[in-house]
Amino acid sequence: MKLRSAHLTRYILPLREGGSLPALAEADDDFKYVVKFKGSGHREKALIAEFLGGEIARKLGFKIPELVLLHLDEAFGRTEGDEEIQDLLQASQGLNLGLHFLSGAINYDPNVMKVDPDLASKIVWMDAFITNVDRTFRNTNMLMWHKELWLIDHGSAFFFHHSWENWEKHAKSPFAFIKDHVLLKEASELEKADETFKQLITDSFLMDLVNELPDEWLNFDPDLTPETIRKVYFDFMKLRLENTEIFIKEAQNARQNLI
9 MKLRSAHLTR YILPLREGGS LPALAEADDD FKYVVKFKGS GHREKALIAE
59 FLGGEIARKL GFKIPELVLL HLDEAFGRTE GDEEIQDLLQ ASQGLNLGLH
109 FLSGAINYDP NVMKVDPDLA SKIVWMDAFI TNVDRTFRNT NMLMWHKELW
159 LIDHGSAFFF HHSWENWEKH AKSPFAFIKD HVLLKEASEL EKADETFKQL
209 ITDSFLMDLV NELPDEWLNF DPDLTPETIR KVYFDFMKLR LENTEIFIKE
259 AQNARQNLI
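All residue numbers for the sequence shown refer to my numbering, where the first residue is 9 and numbers rise by one.
Simulated from the structure, these hints should not be mistaken for lab results.
Virtual Cβ for every residue (Gly too), placed ideally from N, Cα, C.
Check each hint, because a few of them may be wrong.
[As the list claims (entries may be wrong)] What follows is a set of in silico ranges between Cβ atoms, one per label pair, in the way DEER data are often shown: (1) Lys206 x Lys10: 18 to 28 angstroms; (2) Thr233 x Pro125: 36 to 46 angstroms; (3) Gln264 x His108: 36 to 46 angstroms; (4) Arg146 x Leu32: 16 to 26 angstroms; (5) Gln207 x Ala83: 43 to 53 angstroms.
Generate coordinates for the entire structure from the input sequences, incorporating the hints supplied.
Rendered as structure tokens:
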């Protein structure tokens, strides 16, 4: 689970307009990455969600691009002419997060590409578990690469951390946003997915996971130490795992309205 690290050497291009402005960039290991910058709209919390969600997905057996810690120094991007991007890079000095770039991958199109009920149920279960609001028809955050389905972009998961209050209530939430999931209609085997995945997500895995969060990303609240923040993430996931029937029922009910 321990991530590799590299240093960013070349900014190539922004990947979409909007608040987060992820970019394609190259690092000193000669690989290209889709970079999520800590100076973006949700700052370090988006990187935390990306890391936790991505590594949970990998643990559950999904295809996920390698996540790499990317160092950005003061000189990086100085020749970039766009003022907004310059500001973003200045605010992102230090440790950022990159996803290995899947060259030639195409976006998953639900109108032409079908996912079997087993895989669909597993993806829906995971997104409900991590409270990922962003795998919808409008933005599937899935790619087809070498004829296999790859999951990307978990930066909108764990949205409880944007208010950081009453996390216990959020941990037991039914997650109503699951009604918008692009694969919900095909997800007919949620209870089977639940049985399988609860065996894989152990306390020791969750503890190792939160312990890998860099201290540099855990300074967003002066009243909380990095250790306290790690414990909240651990406790949130453990409590959610103990109450999966709540979000499974919500997903099943929402699916009934679609079929």
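Can you let me know if the beta-carbon spacing of Gln207 and Ala83 is within 43 to 53 angstroms? Given a distance of about 48 angstroms, which is inside 43 to 53 angstroms, the answer is holds.
Evaluate the given range 36 to 46 angstroms for the C-beta pair formed by Thr233 and Pro125. Holds, since Thr233 and Pro125 (Cβ atoms, about 44 angstroms apart) stay within the stated range.
Lys10 and Lys206 - C-beta distance against the hinted 18 to 28 angstroms: 25 angstroms, holds
Within 16 to 26 angstroms: is that where the Cβ-Cβ distance between Arg146 and Leu32 falls? Once the Cβ atoms are compared, 22 angstroms apart, the range 16 to 26 angstroms for Leu32 and Arg146 holds.
Mind checking the hinted window 36 to 46 angstroms against the Cβ distance between Gln264 and His108? Once the Cβ atoms are compared, 38 angstroms apart, the range 36 to 46 angstroms for His108 and Gln264 holds.
Every hint from the earlier list agrees with this structure, and none is contradicted.
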